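Chains as they are written, first to last, in my numbering: chain S, 1 to 309; chain V, 310 to 691.
Misleading hints may appear alongside valid ones.
Said to hold, decoys possible - Simulated crosslink set (BS3-like; lysine-lysine; CA at most 27 angstroms straight-line):
hint, chain 1, residue 1, chain 2, residue 2
1, V, 384, S, 305
2, S, 200, S, 305
3, S, 302, V, 445
4, V, 482, V, 445
5, V, 312, V, 384
6, S, 200, V, 312
7, S, 199, V, 445
8, S, 199, S, 302
Stated by the list, open to error - To give an idea of the chain S side of the interface with chain V (calculated C-beta under 8 angstroms), a few residues:
hint, residue
9, 202
10, 207
11, 210
12, 212
13, 214
14, 216
15, 223
16, 230
17, 290
18, 291
I should point out that these hints are in silico values taken from the structure, not numbers from a laboratory.
Everything numeric in this text was worked out from a predicted model, so none of it was measured.
Note that CB positions come from ideal geometry on N, CA and C, so glycine has one too.
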Amino acid sequence: MSFGTSTDEETETGTGYPLRRVVLYITLVAMGAFYLIPIETGVMTSLTSPGSYTGQFPYLPPLEPLLSGTGEFSLQPWQTAVDLLGQGLVNSVILVVPATILSGLLGSMAAYGLTTVSWRGQIAIYITFVAGIFIPYQAVLVPLTQFWYNVVPLRTAFQPVAYWVPFIQNYHWKLVALIVTHTAYGLPICTLLFRAHYKKLSDEMIEAARLDGASIYRIYRRIILPLSVPMFAVVFIYQFTQIWNDLLFALTIVQFGDASVVTQELVGLGVSQSGTNFPLRMAGALVAALPTLLVYVLFGEKFAKGVAA
Amino acid sequence: MAKLTLDNVTKVFTEDDGNEIVAVDDVNIDIDDGEFLVLVGPSGCGKSTTLRMIAGLETVTSGEISLGGERINEKPPAERDIAMVFQSYALYPHMTVRENMSFGLEESTDMPDDEIASHVEETAEMMGIGELLDRKPADLSGGQQQRVALGRAIVRDPEAFLMDEPLSNLDAKLRATMRTELQRLQAELGVATVYVTHDQTEAMTMGDRIAILDDGVLQQVGTPLECYHTPRNQFVAGFIGEPSMNFFEMDVRDGRLVGDRFEYELTPAQRDAVGDADRATLGVRPEDISVDTEGGGSHAYDVFVDVVEPRGDENTTHLTFDPGVEEPETFTATISGLRHIQAGEAVVATLPPESVHLFDAETGTALHNRSLETAEVTEQLT
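Here chain V stands alone, though its shape is the one from the complex (with noise of 0.2 angstroms):
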């Protein structure tokens, strides 16, 4: 049981032509003893190359990664201490279940060979596995694949867990299932454990913090309610939700933001927020936006509904400033799966000043988050 710590880790790939790619650019993350953290970002971000880091799979080019307050930058993997559940499970195809849990403990430790067998057999009872544990791993379904991969990894009581993308070969309703799970068997082992994945949706529910990082470079890290209401810039903003945020990017005029199809009046905090810039860009998440068939005021625009796709529990609209265009530009609104609403539809979009975000137009940081008190707004409007 140990605190993980990642200090201004950088990675630079040298190509062999001499070109460098920076791959992971100055990260810095403290996971603490017990936490889940989960590492999250589009395909390429440096995600799985600085778990690879963790684990002694890639060198690291600069910086420091310590385990337990002892750096680990040159110690190779055998003797880390951690454990990895990879994404293909990669599991030892001729070894059984029993052989495939065992190898990690007769490999790294001096434990005899009946502690192991009990060990083994513990994990396997608790991982749910105990009866397959003299079959091949190619006569297992997927999802018990996937318990072999996490019991291997759990048998050897590691220092910290690192699991890349563990779920995302299994079906949608046991990878929701496995997601519960993991989190359960991960707070009861108390391990660090860093999960890396490019499913926001993994990274909400899974995470006591996620670390977002796009090109390489770390965005934010924080709770997930942290990242999904105080994004700190409008790439975390965009990356984390369902369905994305939707962004406009206007010109600021007179405390009011003025976009080609409509216009925006900044309340007193946000036009401070904004401050003399010329232009800004309004982020609104489509569960905050209100569709109603009628009505008006001064956040309220006229707008069409371009397609409806029915969730069931939901639906998400997607509306237009101009209907006649072929493929117009659009953005989305949550709306009840009850409400009956269709395509071509004529209806008012508001956009609830409380829930607004900005960010600046060129670099994207964010200049002013959404409220979480909606009485505190109200009133500064009025």
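Same shape as in the complex, but just chain S (with noise of 0.2 angstroms):
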């Protein structure tokens, strides 16, 4: 299609090249490269030798290989970051996975039963729903903290549960108690997205399959759901985000210790008395910034589609 365009406007103006075609992609390009320089910046100090790194531009190819004698470059910071991170991954993941799929489904089904279905008091409920939203992560910082260590028993409750199962580690209860705080922070922000989606769903619809003999669980399992496709992806890719990169909560909950999440071991990682190691941080950064650029791969198409409805 581009081409036909772009032979058409060749014919009309009669020179070789439209002016405007010109100055279109030399902005264009101007652009990707103005958003591009900052992770090609952080690529290639990932890879430079820690002591030449003070002595250049830090988004030319290193000078000195890493390896200084060998004349190669390695890749030994992003696999000094991946040791490193490893057990942060894989608490982030553990943490992430279940709190995203949590807040998105049990917001999607909140506001079906706020939007969808109509009872007395609904607007009631769901105006505290949306206070949720502008509660400050700031406020609720210390009472969060006692909840989880002294209202709440889970960890004592949670010793037979890594005891019997597999895989299942004492200090998993900390992961498990910022699951539910996740999805209960998040859950406000999913039911507004979701309840958006539902308002602009054909009320004969949801009477046909009412007629059609349909429970509400059941027109919510066959007809909203599959409907919300798109903007679970959505919800999907703000919730992946927001909890991956979250460190206040891990702070306040996690404290520190084997549970630790990736954010909260990025903050130590490279730093020592004899000075900040540039390149191992900015591998690691890069490590732990990879699992959101996924996610965003992933549900990008219907991320679209579901911003566009």
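Work from the hints to combine the two standalone chains into their complex.
Structure representation (structure tokens):
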């Protein structure tokens, strides 16, 4: 199609290259470079020898090979980063996947119950959901610690589970607490997003399903849920990024230890008394950012549909 | 197959500020097994609410709805064994035609899958949508979607069909085709059907009987011709028939109706019907008025043509008594499409006494309806 239009313009104007097109491409290339340079800089830095790091522009390929004397470049900082962040990455995945799915699923169910099904008092309930969006994180930090450490005996309750179920460790209780916290905190915004989507669904269609004999649950399962797929992509991407990148709740609830998530591990990576190892930190940051990138690629197409809807 | 009965059915909506709105007021209708009843009325008259109460989508404030002799007021829609066709078709967009049609059977019966499949295919063949079974609603034309919506209702083999303006989203030509097809289908299936429309043509042509609602109140239930020729009140008279009946509100003086523009000599029967009322409304259908270039008689009046609307088979003429006025009061008369008549022309309009209806000026109740035997009236006059 683009070929067709360009030939059209050429024949119209009679000159070889239409100026507008040239300007457009130059602008696009410049913008592309502008957005990609920080990432490129990161990649280059992660390959630079810590010793020669300060001596050059960060976005240029390293002058000094990482393994000095051999003339070879190496992915050593990346290996080190993966090794050191390994536990954190695993913990983050254990946290993020259930928390994202739960907040999306519960948000969708809540929105269905508050929008498509009509009952007395639902507006009041909905308003409390919306109010949840405006509670600042900082305000709940202390109560949250109190809640998980002193009010709910999750730690002791979790011990037999860890004992009997393989792969489950004692410290995982902190991740469970974090999953519940993130699910609860993500619920209002998820509900809001799904509600906006469900309001646009035809009432007559739901009524037709009711007349067809479907129960409230079956309508959700067979009509609403399949029609929510684009919105799920939006919510999943949003929640995944939010929870993956969160540091505040992790510091509050996990605090330290084996249950630390990747953002916590990243804080201390490559920091020592002898100085900061920037290539290692940069490699660590890129490793930690990779999963969110992956989620964008996986859900990107559906995401675009959901945003456009 | 069952009889559907509405007994004193009333629906009151309570607004947030406590205001009560009576949407349906004490409606009584019996729909026999296999009967096609058309509920007709202007928008906001409560016809859709009535239908939704039968379906179970709205609660009934008071009164009783029963199907096959059994009260169904409290039953949820799923248990009523009623299928409904919606104006927007309400197809499930993520399902194929086949899935759309099987959905109801899967949800409401224990029928095994292969039986459902053969049922769906049979119905689809009957509806002429056999080749569309694997398509999604978005890939279908409006007419095809309409058929799928009907098929989805039929495949469930319900006790009663409800249709909420199912043809209003189709273009005029397709609507006419579907009208006949629906009638044929309904007769074939023999299931009690309630059909809601605001279109009096659909009501006249499709219904075994029609029920006319206005402002939540049932005005008349009867066969289309009963409603057309013997309307119970002025509303029915004006609603049924296209173009509408002409009304003249006039004074009653010594057996004559006296208006601003003309006087009308009543027949003895009409005189009896009017009794000692001071005022009465005279109604006459456009097709009963004869328009001639000259002539006279006791019920002929000199008028002028204001506007002519040619329709091919007939012309709708708007006639007026005062031609000079900017926007004159007019009444309509239908004449043959072959006759040539022009705006501004002076003509003689005759209001034949046998085709005149009389209504109470205040309540609108019919006092006298047109005679269906012309001979009788002409005798009385002479």
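The hints, checked one at a time:
Between residue 384 of chain V and residue 305 of chain S the alpha-carbon distance is near 40 angstroms, which puts this suggested pair outside the 27 angstroms criterion. A threshold of 27 angstroms between alpha carbons decides the hint, and for residue 200 of chain S with residue 305 of chain S the separation of about 15 angstroms falls inside it, so the pair holds. A hinted pair counts as satisfied when its Cα atoms are at most 27 angstroms apart, and residue 302 of chain S with residue 445 of chain V qualifies at roughly 19 angstroms. Of the supplied pair hints, the one linking residue 482 of chain V and residue 445 of chain V holds, its CA atoms being roughly 25 angstroms apart against a limit of 27 angstroms.
Distance hint between residue 312 of chain V and residue 384 of chain V is fulfilled; the C-alpha atoms sit about 17 angstroms from each other, no more than 27 angstroms. For the given pair, residue 200 of chain S sits about 37 angstroms from residue 312 of chain V by alpha-carbon distance, which is inconsistent with the 27 angstroms threshold. Straight-line distance between C-alpha atoms of residue 199 of chain S and residue 445 of chain V comes to about 22 angstroms, which keeps the hinted pair within the 27 angstroms bound. Proposed proximity of residue 199 of chain S and residue 302 of chain S is supported: the alpha carbons are some 20 angstroms apart, at most 27 angstroms.
Interface hint at residue 202 of chain S: satisfied, since its Cβ lies 6 angstroms from the closest Cβ of chain V, which is below the 8 angstroms cut-off. Taking 8 angstroms as the C-beta cut-off, the interface hint given for residue 207 of chain S holds, the closest approach to chain V being about 5 angstroms. This hint holds: residue 210 of chain S has a C-beta 5 angstroms from the nearest C-beta of chain V, less than the 8 angstroms allowed. For residue 212 of chain S, the shortest C-beta to C-beta distance to chain V is roughly 4 angstroms, which falls under 8 angstroms, so the interface hint holds.
Checking residue 214 of chain S against chain V by beta carbon gives a least distance of about 4 angstroms; that is within 8 angstroms, so the hint holds. For residue 216 of chain S, the shortest C-beta to C-beta distance to chain V is roughly 10 angstroms, which exceeds 8 angstroms, and the interface hint is violated. Here the hint on residue 223 of chain S is kept, as its CB sits about 6 angstroms from the closest CB of chain V, short of 8 angstroms. For residue 230 of chain S, the shortest C-beta to C-beta distance to chain V is roughly 11 angstroms, which exceeds 8 angstroms, and the interface hint is violated.
With a cut of 8 angstroms, the hint placing residue 290 of chain S at the interface with chain V is violated, because the nearest CB-to-CB distance is about 33 angstroms. Among the interface hints, the one on residue 291 of chain S is violated; its C-beta lies about 30 angstroms from the nearest C-beta in chain V, farther than the 8 angstroms criterion.
Against the hints set out earlier in the document, violations occur for numbers 1, 6, 14, 16, 17 and 18.
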